[in-house]
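In order, the protein sequences belong to chains A, B and C.
Those letters in the first sequence? Residues 1 to 301, per the numbering used here, in order.
Those letters in the second sequence? Residues 1001 to 1319, per the numbering used here, in order.
Those letters in the third sequence? Residues 2001 to 2295, per the numbering used here, in order.
Among these hints, one or two may not hold up.
[As the list claims (entries may be wrong)] Here chain B is said to cover these stretches of chain C; the calculated rule only asks that three of the stretch's residues, wherever they fall, bring their Cβ under 8 Å from a Cβ of chain B:
(1) 2017-2029
(2) 2081-2089
(3) 2105-2114
(4) 2144-2153
(5) 2195-2205
(6) 2220-2226
Calculated directly from the structure, the hints in this document are not laboratory data.
The structure displayed is predicted, hence computed values, not measured ones.
Note that the Cβ used here is the ideal one computed from N, Cα and C, for glycine as well.
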Amino acid sequence: MTDSESRSERDATGGESADVVLARSQAQMAEIAAQHGAAPQEGKPVVLGLENVAVSYSGHEAVRGVDMNIHKTLVTAFIGPSGCGKTTLLRSLNRMNDLIPGAEVRGKITYHGHDLNATGVDPVEVRRRIGMVFQRPNPFPKSIFDNVAYGLRLHGMKDNLNDRVEQALRQSGLWDEVHKRLKSSALSLSGGQQQRLCIARALAIEPDVVLMDEPASALDPIATQRIEDLVAELKNDYTIVIVTHNMQQAARIADMTAFFSVDVAESGARCGILVEHAPTVQLFTRPSDERTEAYVTGRFG
Amino acid sequence: MSTRAESDFALPKRARLHLGDLALRGITGAAALTILIVLIWIAYKVTEQASDAISTFGLGFLTSSEWNAVTDQYGARDLIWGTAVTSFFALLFAVPISIAIGLFLSELAPRRLRGPVGALVELLAAIPSVVLGLWGILVMGPFLEAHVEPFLNDHFGWIPLFSGTPSNVGLLPACLVLTIMIVPIVSSICRELFDSVPSDLKAGSLALGSTRWEMMRSVAIPQVSGGIVAAVILGLARAMGEAIAVSQTIGGTARTGWSLFGSADTLASRIANQYQGAATHLQQSSIAYLATILLVLSLAANLSAALIVRRIRRKLGAR
Amino acid sequence: MSEEANPLAVVTKRSRRRKRVGVLMEALATAAAILAIVVLAIVVISVARKGLPAINADFFTKNPAPVFQTGGGIKNAIVGTLIMTGLATLISVPVGVLIAIFDTEFAPRPVAEGIRIALNVLAGVPTIVVGIFIFGVLVVGHGQSAIAASLGLSIVMVPLIARATEEVLLLVPSTLREGGMALGATRARTVITVILPTAVGGIVTATIVAVARGAGETAPLLFTSSIFANSVVTDVHQAMASIPLTIFVDSESPSVADQQTAWAAALVLMAGVLIMGVIGRALSLRTRRQIERAR
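Extracted from the complex, chain A is given alone in its bound form (with noise of 0.2 Å):
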C-alpha cells in the first residue's frame, strides 16, 4: 500500500470494520477515475492490437492470452501484483526484447494496423514511433542539451536543433529549472529532473505512443505529483501506455486500465495474465472479474 493509500486509510478508521474502510477507499478511487469518463475510448482510432499475445523468456512463459487495444491520445494503464508480467508486455510494445536473447512473442501486435514482428520491419523504426521511459532515471553522461538532442542528432532532426530541444524541454517541464545552464552534465539534476529530462529526451522525436514503465517509482512523492500532472498533459498530443503498481495512480491518470494476474500452474510454473481492460471507472466500480475487484479493494496485492 502506498502512502496516500494509507493515508486515506488512517483518515477513515474510527474502530470501523476493514472492509467498510476497503470499500471507502475503493469509492474514492472510483470518484478520482470518473473524470476520465465511462467510454473514453470510443471514437478514438487503434493505435496498437494486440491479439492472443504470449512472451516467453527461452521456454518460459512469462505472460499470456493478451487481448486489448491501445487507443489513440488515451492513458492505458497495466496494473497488477508484481511477476505478472506487465513490464515484460510494455517491453514487447517497442521490440526491446529482442535485446534479451531467448526472448519469444507469439500471437500478433499491430501498430496501425501493421505486423510489428513481420519480417522485414526494423526494430530501429519501430522505436522512433514508439518512445520509452524506464523506471530508473537513466540520462546519458553528457550535458542536458545533448542529451535531448541525441535523438534528434540521430534522425536527422538537426534543422532548428535548439528550438526543438526547448520545445522538449517545455513539453516535460523541466525547461524553466535548466534553461540557463543546458551545458551542464544530465547528472547534476536531481532524480526527478533525470526523469523528466528522459521523458524530454523521449519526446524530442516525435514519438507516436510513449511507453513509461513505473516512471515514478524510484521518485520522492512531489518528484511523483509532477510526473502525474505531465502525462495528464502529455495525453493531449501521444498516445500514453503506462506501467504502474500503484492503483490510485492509474486512477487518477489513466483513462483505460488493464488488470493483470498470475496464475500459477499445477506444476508451480507462474505466467501473467491480462484477466480485464476496461475503461478505468469500470474497473474501480463494477469490475466483471472476481480477482479484479479482490485487487482494486485491496483484499490482496
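Following the hints, put chains B and C in place on chain A, whose structure we already have.
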C-alpha cells in the same frame, strides 16, 4: 549459576601483543618493500652501467645517428626512430582491431561464443615472443617479401612508406609481429570496459531508435574512453619494450628512413643483439644508455596508464 | 503519419544509410575477431607442421650433436628450462603471495594503492632491461649462472602472481575473515588457517599462468645464461641451456638443421605453454565458481 569465577572473564589490563600478527605483518611488509627496492635498484643499476656513455655523449646521444665501434662513437637517434615507427604502426593496426574485438565480444557475439572466442584471443598472448619471432622471420618475412611488399611497392610505391626494396626483414614484419602481441592485451581490456557500461545506458540509447553501432559509438565508447586510452598506453609500452621478437624480424641495421621495407633497428632490439658482444666498454655503456632511455619511456607510459585508471576509479566511486 | 502506407517501413534515405552503416560495422567487428583467431591458427599450425618432423625420442633424450653432425636433441635445454623456471617459481610464489597478503590484510588504503601501482610498473619494465639489471648485479665479476637467470625470471613472475593472488584474496568473502576473528583468532591465524586455504585454488592457478609466462621468456636469460655447455648442467652456479634461448639462437642461424631444431623446440615450448594456459584458465573459472558459492 556459573561455576566459573568472575575473574575468569576479566579483561587483561593491556591488549596482548600478538606476535603472530606482528611477524606476518613484518614478513609481508618486507616482501612489499622488496618491490619498491627492486624498482629503484633497477633504475639505479641500469643508469650506473650507462654512466660512462652518459658522461661522454650527454644528451647529444639522442640526436646522433652514429654507431661505430671503430671510432667508438654512438648515438641513439636511429634506434629511437625505429622504436617510434614500429610502435606507432603496431598501435595503428592494433587499436582499431582491438576495439572491434572488444565490441564483438561484449555486444555482438552470441552468448555461448563469448567465452571460447575470448579465450582464443587471449591464447594469442600466451605464445612466447621468441616463437612469434621465429614464425615471423622464417614464415611471415619471406611471405611479405615475395607477395605483399612487391604489391605495395608496385601500386603505392610513391608513398615513402612503401618505397624501397622488398626484404624478408625490416620494419613491416616487426610491426606486424608487434600488432599480434598487442591485440590480445588491448582487446581484453576493451572488452571488460564495454561490459562495464551500465545496461540502463545502452537500453536508453536503443529505446530512442539507435542502431547497435550508434549506441556503441555515441554512448558506450565515450563512456569508457579514458579506459581505452589507458589500454592503448599499455599496448604502447609493450610494443616499445619488446626485444626478442623484434630483433628476430627487424634486421638490425639501424637507420632513419620512411621505408617500411628493409632492415632497421629499435632500442630494445639493439640491446638484445649487441650488449653481450660489445667490442669496447664504451659501446657496452652506450647500450646501457639505450636501456636507460627505454626504461624512462616505459616508466612514463606505465605511470600515466596507472594514473588514468586511478582517476577513472575515483570518478566512478564519486558518483 | 499516413495510415495507408506502412508506417514502419524504412522510408528515408537516411535511415537506410544508418542501417547499412550499422550492418557494415558489425561485420567489421566480426571480421576482426575472426582475423585474430585465423592468425592464431596460422602460427600454431606453422609451428606444428614445421616442428613435428624433428620430434622423436632422441629430441628429448639427447644433447645437441657436435657441430657438423646430425641427430641429437635438446635435452640440456629442457633440463635447463625446468630447473631455472622451477627455481624462479620457488622464489616468486612465496614473495608474490606475501605481497598480496600485505596488500589485502595489512596495508592502509593509500599504501596498498601505491604497491599496486608499483607492481604494475614493475610488470611493465621491458624484460630486456631486467636482463641488464641482473647482469649488472649478479653476472659482472661472477660469471653467468642459472641463479642469476632465475632471479631475472622471478622479477617478471612476481607481479603476475601478486596481482592474481590479490584478486583471489579479495574474492574471499569477508564473512569468512570475520568469522575467524570473531572466534578470537588473531589476524595472522585467520589468514593462515582460513583465508589462504580458501584461496589456494586461485593461487595455484596464478602460479600456473606465471610459470607458463616465465618458461617462455627469453630476454632475462640473454645476458645471464646464454653461454653454456652442450650437455646437461645441474649446478645452479653455472649457466644452463634453455629452450627459449635455443630457439632464439637457432632461428637466426643460416643452417637448415638449426632452424629445424628451432621449430621443434618451439613446438615443445608452445605446446607446454598453451596447455598450461588452458589448464590455468579452466582452473580459474572453477575456483571462482567455488568461492562464489561460498558467499
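Tested hints:
Coverage of the region 2017-2029 of chain C by chain B holds in this model, with 8 residues showing a Cβ closer than 8 Å to a Cβ of that chain against a need of three. Only residues whose C-beta sits within less than 8 Å of a C-beta in chain B count toward coverage, and the region 2081-2089 of chain C has 0 of them, not enough to reach three; the restraint is violated. Counting residues of the region 2105-2114 of chain C whose CB lies closer than 8 Å to any CB of chain B gives 4, which reaches the minimum of 3, so the coverage claim holds. Check on the region 2144-2153 of chain C: 0 of its residues sit with their Cβ under 8 Å from a Cβ of chain B, so the three-residue criterion for coverage is violated.
Counting residues of the region 2195-2205 of chain C whose CB lies closer than 8 Å to any CB of chain B gives 0, so the stated coverage by that chain is violated, three being the minimum. Under the rule that three or more residues need a Cβ within less than 8 Å of chain B, the assignment of the region 2220-2226 of chain C holds, with 3 such residues.
Hint violations for this structure: numbers 2, 4, 5, all remaining hints satisfied.
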